[in-house]
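Start from the sequences, fold in the hints, and give me the full structure.
Listed below, chain by chain, are the residues.
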Amino acid sequence: MRFKSGLIPLCAVLLASVAVPTMALAAPTGTLVIAENETPENLDPANATNSTVDELLLGAYDPLVQFSAGATEVTPRLAKSWEISPDGLTYTFKLRDDVLFHDGSKLTAEDVKFTLDRLKAAAANVLNDMGPYASAEVVDPTTVKLHLSAPFGPFLSALSRIYVVNKALVEPHMGDDHARQWLSVNEAGSGPYMITAYNPTESVTLKAFDKYWGGWDGNHVAEVVFRYITEPSTQLSLLKSGEVHIAPDITVEDKIALKTEPGFVVDVGAAATPLFFDFNTASKGPTGNKKFREMLSKTFDRQLHLDQVLMGFGALPDGPLPANWMGHEAGTEQAFDLEAAKKMVEENGWKGTTLTVRYLPAILEEKAAVEQLQSNLAEIGITLNAEGMTWPAQAATLQKVETTADINMIYSFPVFPDPHAILNATFNGALTGAKGGYNWAQYSNPDVDALLNEAASSSDSAKRAELYKKAQKLIGEDYVVITVSNPGSVVALSDKVEGYKYNVAHHQTFNYMDIGLKP
Amino acid sequence: MLRLLTLPKTNIERAAVILALIVILVAIIGPFVTPYDPMQISFRSKLLAPSSMHWFGTDGSGRDVLSRLLHGAQLTLSATFFVLIAGVVIGCTIGIFSAFVGGAADNALMRLADIWLGFPPLILALGFASALGASLQAAIWALVFSWWPNYARLSRMVTADILSQKFIASADALGVPLHRKVFRYVIPNAFDVLIVQVTLDISAVMLAISGLSFIGVGAQIPQPEWGAMIADGRSYVANGWWIVLAPGVAIFLTALAFNVIGDMLRRELDPTSRRR
Amino acid sequence: MAYVAQRIVFSILSLFVLLFITFLLSHVVAGDPAIVAAGPNAGAAKIALLREQMGLDKPLLTQFAIYCGQILQGDLGTSWFTRQPIASDVLRELPPSLELVFIAMLINLAVSLPLGLLTARYAGSRFDDLVRLGVMAGAGLPVFWIAIILQQIVAGRWQLLPTAGRLGFANREFSGATGFYLFDSLAAGNMNVFLDTLAHLVLPAFALSLLFTAVGVRITRTAMIGEFRKDYVTLARAKGASEPRIMFRHVFANGATPALTVFGMQFGWMLGATVLVEEIFGRPGIGRYAVKAVTQSDIHAVVAVVFVVGVVFLLANLLVDIALYVLSPRKQQRA
Numbered sequence: 001m002r003f004k005s006g007l008i009p010l011c012a013v014l015l016a017s018v019a020v021p022t023m024a025l026a027a028p029t030g031t032l033v034i035a036e037n038e039t040p041e042n043l044d045p046a047n048a049t050n051s052t053v054d055e056l057l058l059g060a061y062d063p064l065v066q067f068s069a070g071a072t073e074v075t076p077r078l079a080k081s082w083e084i085s086p087d088g089l090t091y092t093f094k095l096r097d098d099v100l101f102h103d104g105s106k107l108t109a110e111d112v113k114f115t116l117d118r119l120k121a122a123a124a125n126v127l128n129d130m131g132p133y134a135s136a137e138v139v140d141p142t143t144v145k146l147h148l149s150a151p152f153g154p155f156l157s158a159l160s161r162i163y164v165v166n167k168a169l170v171e172p173h174m175g176d177d178h179a180r181q182w183l184s185v186n187e188a189g190s191g192p193y194m195i196t197a198y199n200p201t202e203s204v205t206l207k208a209f210d211k212y213w214g215g216w217d218g219n220h221v222a223e224v225v226f227r228y229i230t231e232p233s234t235q236l237s238l239l240k241s242g243e244v245h246i247a248p249d250i251t252v253e254d255k256i257a258l259k260t261e262p263g264f265v266v267d268v269g270a271a272a273t274p275l276f277f278d279f280n281t282a283s284k285g286p287t288g289n290k291k292f293r294e295m296l297s298k299t300f301d302r303q304l305h306l307d308q309v310l311m312g313f314g315a316l317p318d319g320p321l322p323a324n325w326m327g328h329e330a331g332t333e334q335a336f337d338l339e340a341a342k343k344m345v346e347e348n349g350w351k352g353t354t355l356t357v358r359y360l361p362a363i364l365e366e367k368a369a370v371e372q373l374q375s376n377l378a379e380i381g382i383t384l385n386a387e388g389m390t391w392p393a394q395a396a397t398l399q400k401v402e403t404t405a406d407i408n409m410i411y412s413f414p415v416f417p418d419p420h421a422i423l424n425a426t427f428n429g430a431l432t433g434a435k436g437g438y439n440w441a442q443y444s445n446p447d448v449d450a451l452l453n454e455a456a457s458s459s460d461s462a463k464r465a466e467l468y469k470k471a472q473k474l475i476g477e478d479y480v481v482i483t484v485s486n487p488g489s490v491v492a493l494s495d496k497v498e499g500y501k502y503n504v505a506h507h508q509t510f511n512y513m514d515i516g517l518k519p
Numbered sequence: 001m002l003r004l005l006t007l008p009k010t011n012i013e014r015a016a017v018i019l020a021l022i023v024i025l026v027a028i029i030g031p032f033v034t035p036y037d038p039m040q041i042s043f044r045s046k047l048l049a050p051s052s053m054h055w056f057g058t059d060g061s062g063r064d065v066l067s068r069l070l071h072g073a074q075l076t077l078s079a080t081f082f083v084l085i086a087g088v089v090i091g092c093t094i095g096i097f098s099a100f101v102g103g104a105a106d107n108a109l110m111r112l113a114d115i116w117l118g119f120p121p122l123i124l125a126l127g128f129a130s131a132l133g134a135s136l137q138a139a140i141w142a143l144v145f146s147w148w149p150n151y152a153r154l155s156r157m158v159t160a161d162i163l164s165q166k167f168i169a170s171a172d173a174l175g176v177p178l179h180r181k182v183f184r185y186v187i188p189n190a191f192d193v194l195i196v197q198v199t200l201d202i203s204a205v206m207l208a209i210s211g212l213s214f215i216g217v218g219a220q221i222p223q224p225e226w227g228a229m230i231a232d233g234r235s236y237v238a239n240g241w242w243i244v245l246a247p248g249v250a251i252f253l254t255a256l257a258f259n260v261i262g263d264m265l266r267r268e269l270d271p272t273s274r275r276r
Numbered sequence: 001m002a003y004v005a006q007r008i009v010f011s012i013l014s015l016f017v018l019l020f021i022t023f024l025l026s027h028v029v030a031g032d033p034a035i036v037a038a039g040p041n042a043g044a045a046k047i048a049l050l051r052e053q054m055g056l057d058k059p060l061l062t063q064f065a066i067y068c069g070q071i072l073q074g075d076l077g078t079s080w081f082t083r084q085p086i087a088s089d090v091l092r093e094l095p096p097s098l099e100l101v102f103i104a105m106l107i108n109l110a111v112s113l114p115l116g117l118l119t120a121r122y123a124g125s126r127f128d129d130l131v132r133l134g135v136m137a138g139a140g141l142p143v144f145w146i147a148i149i150l151q152q153i154v155a156g157r158w159q160l161l162p163t164a165g166r167l168g169f170a171n172r173e174f175s176g177a178t179g180f181y182l183f184d185s186l187a188a189g190n191m192n193v194f195l196d197t198l199a200h201l202v203l204p205a206f207a208l209s210l211l212f213t214a215v216g217v218r219i220t221r222t223a224m225i226g227e228f229r230k231d232y233v234t235l236a237r238a239k240g241a242s243e244p245r246i247m248f249r250h251v252f253a254n255g256a257t258p259a260l261t262v263f264g265m266q267f268g269w270m271l272g273a274t275v276l277v278e279e280i281f282g283r284p285g286i287g288r289y290a291v292k293a294v295t296q297s298d299i300h301a302v303v304a305v306v307f308v309v310g311v312v313f314l315l316a317n318l319l320v321d322i323a324l325y326v327l328s329p330r331k332q333q334r335a
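Chains as they are written, first to last, in full-length UniProt numbering: chain E, 1 to 519; chain S, 1 to 276; chain Z, 1 to 335.
It is worth saying that the hints were derived from the structure and are not from the lab.
Keep in mind that this is a model prediction, so the values were computed, not measured.
A portion of the hints provided could be inaccurate.
[Stated by the list, open to error] Simulated restraints on C-beta separations:
| # | chain 1 | residue 1 | chain 2 | residue 2 | range |
| --- | --- | --- | --- | --- | --- |
| 1 | S | Asn11 | Z | Ala199 | 32 to 42 Å |
| 2 | S | Gly102 | Z | Val326 | 24 to 34 Å |
| 3 | Z | Ala44 | E | Ala378 | 34 to 44 Å |
| 4 | Z | Leu60 | E | Asn385 | 25 to 35 Å |
| 5 | S | Thr6 | Z | Pro114 | 32 to 42 Å |
Just so you know, even glycine gets a beta-carbon here, dropped at the ideal spot from N, CA and C.
So, in structure tokens, the structure goes:
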């Protein structure tokens, strides 16, 4: 089916929101409206790495295992239970037998295998983080085996974005593009909500699926609408006029103002999306010099950034990993000390050096951080030129060491809460910008690579923690990045919303499947 | 310059001339008379409403809006004038050349200018600026790129007009060399027409530059270009309306002043309008 | 007829020159679409594979030739991000923008024509001076600035008009066959939706129209002022024709020609300027689509937007030209 807005009579929705749900087991009622500043590129589960796509699919599809909002470990979804072979190469999943797709057909192991085979054939972006996944095998309708070519510690966590599609629906549309065009505007899931209208530059509507296997206990909404509103000030106006219930993208100042305003709630989620200044460590220019990088790494005031830019919404970073994560090593990065930096500049005759930083001006925090660094470096006699770019343009400059700026800003968006997801992507020499990865410092240290690789292939968390600690120490001694901030995920909500909780494994999404509206 | 002071006939025109002179003066000395450092961020004093300390308030990074406005005048005006001057130089070179050679080359060049003229400048500049990377320089060249045809057409028209007159035929007979013809006859005659057009275009170019900065492909932080200041302040309209208001009013008043002056110059200098 | 044919051929030629320029431009765009399409942590091998699939490894001229071949078949390519035929994406985004431009043009004409005519008739009067000052002020207002101010005051503070979007929340289920909600709602006999659509259009259209209206008044005045001095006006006055009759029957009918040519061009320019208001008012549309395409380096989508805006622009001009040619008195005399 191609989406045209369904013709559910409007009055029914209005009536439903008026009715007061006093029964314990209420049918989902009301409409939740969420503002979002970025439009989704499509609905294809192959692109679930992108949060604008993920936030729509999160409630429309089910994966084998999933992180619930607020959890840091996966819990069963389509899979009731699983077993891992001693060599860590085979995962056997037992599936639920009561799961229905939105078209009423039953979900089986065949659908799981079809999903993974399709993603593999289509070279899907979600598989980028699946490590050495090799193949899927159907044992019986409720048992499926996944094979790996090498052990991969965070494999279960990585499965949380593999959304299972309805084979019978998708297969006829495979064509020569692996059904990418079809799945981009059609949904074939089994989740609690069905996508009923898809107008990607305007709004997307989801409606509760009454035969959802998980049932509808408690307070839930019957309809979820995502409205695409770019301007923070417009989002604020709509939140205040009651036209949207959740506004994630308004300015920090407005969020603070809302904290004390009756009728609104400001939620701060403990996100794990560190923002970095990446120094070009492979550069022939000044940043190629370790000593120069040592000086640079003392010139950023993280506390000021947290207090005045993030207005306290976040955690003070202590190295690249969030402090409460497994494997975090404290004190690996330089503290802010402009005097010491100034001394180094004078001793080494670096005064008058000109550097360039590239960043995304659309992100207020990046802009503020660049302005902060500019102003500090100016004080010690170093000029920092800022070059605002679009994401693809900035990414393209990282393809060669020569075109890489002295400093680049980049957020790490780990797809699951595991040190691997941050450290490997940011520091592994196999994933430098020049090799198509997000290691934008072009940093390559064989010792660090060995530690990261060993940690990834182990499933013993104590051992992994030790290895990650060692790696962070080495990285700190090479002065590769400044971890600018560890911002909280701050979301402004109407106080009618109950049950919202930040999901660390699905950053910038909303657990609308758990949310109800107060009458 | 002195002549400019004698031309105004009405109070509005006098006000416009005075305003334009003030803006130009600010653009020249502005960076030296700012009450605060326009780049120095100070988060502790951010989003302060206008007061005797900060006449136009402070922005989202605690910088004094008045200081940024004064500093930005230079950036905004010099960018605008650069686009116009480069546009005039490129356009007139092509236009005068076109008129002299005539024939198929003339036809082809003017057709090319037509295509350029016809296309929405903002979309063209958007593509161009994104190709060169986002910076004020890129935006400036993008606008030069989409502005020259105006002057090519105008200068071709004036040149062709002059070339068709009798005194050129006699100059030809006397063997006056080409460069003398251009400098002696064409440029002086074209000057009045061009100066009117350029003055009238100031506001359009200024709006285009600020528009490009607004959509993010123009001036970069911390440059206080006026359009970039509006873009910067738009997230704060709810609790810092002055950040958006001040540069907008500055653009508006400057544009208005130059429009009034352009209109006045057209009345006084342009022979085609005098004839009406 | 030869004239019309020549215009059409010239228009098509212009379009291809334009296409070539944009194609060249977007290929030297500093971004690499393959990197973006590959997603996070993709690795060099996958990026190279995608580059090949996307045809980015071929020489530029070959790519352009392939692209032109597709366009001639009505195929604008497939977006690497929405995975949809770009033609269908553009067809979805064009109606809201055209609707916006249409209303802005109505405002423009409704103000420009009468004001232009009246100021030409009373040239040199205080009224003329006042309007001229207004025109110069209007031509100095940044579109995006006035859009923000109007949104904050009229929609925000006074709550007179909606803040953002195309339709109010109550009408969110509405959809129509053409995508032009003004038309679709009338066709469905739904006055409620029609008025709602209109209410959402007023502020963005007004903001968009200001600059163009200022130019429109000036052009109309210039076009009309010459007509008032022509002999036939004097003749008509001598014959005792009433002043309104002279103004509308003679001056307006004759003087409208050059003004209309400019309004034709303004239509395309307005479409190109929608980018300045669509984001602020949270409206879908071709301008917002273009910005998104540029930020993603979705090359074919960028080129397609330029192409489509170009086609609309040339069509508008062509229509005006042909209309003027068909209606022109000189041609009628010859016939």
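Taking the hints in turn, this is what the structure says about them:
1. S:Asn11 <-> Z:Ala199: 32 to 42 Å: holds, 41 Å
2. S:Gly102 <-> Z:Val326: 24 to 34 Å: About 32 Å separates the Cβ atoms of Gly102 of chain S and Val326 of chain Z, which means 24 to 34 Å holds.
3. Z:Ala44 <-> E:Ala378: 34 to 44 Å: Holds, at about 37 Å.
4. Z:Leu60 <-> E:Asn385: 25 to 35 Å: Given a distance of about 31 Å, which is inside 25 to 35 Å, the answer is holds.
5. S:Thr6 <-> Z:Pro114: 32 to 42 Å: holds, 36 Å
When held up to the earlier numbered hints, the structure conflicts with none and fits them all.
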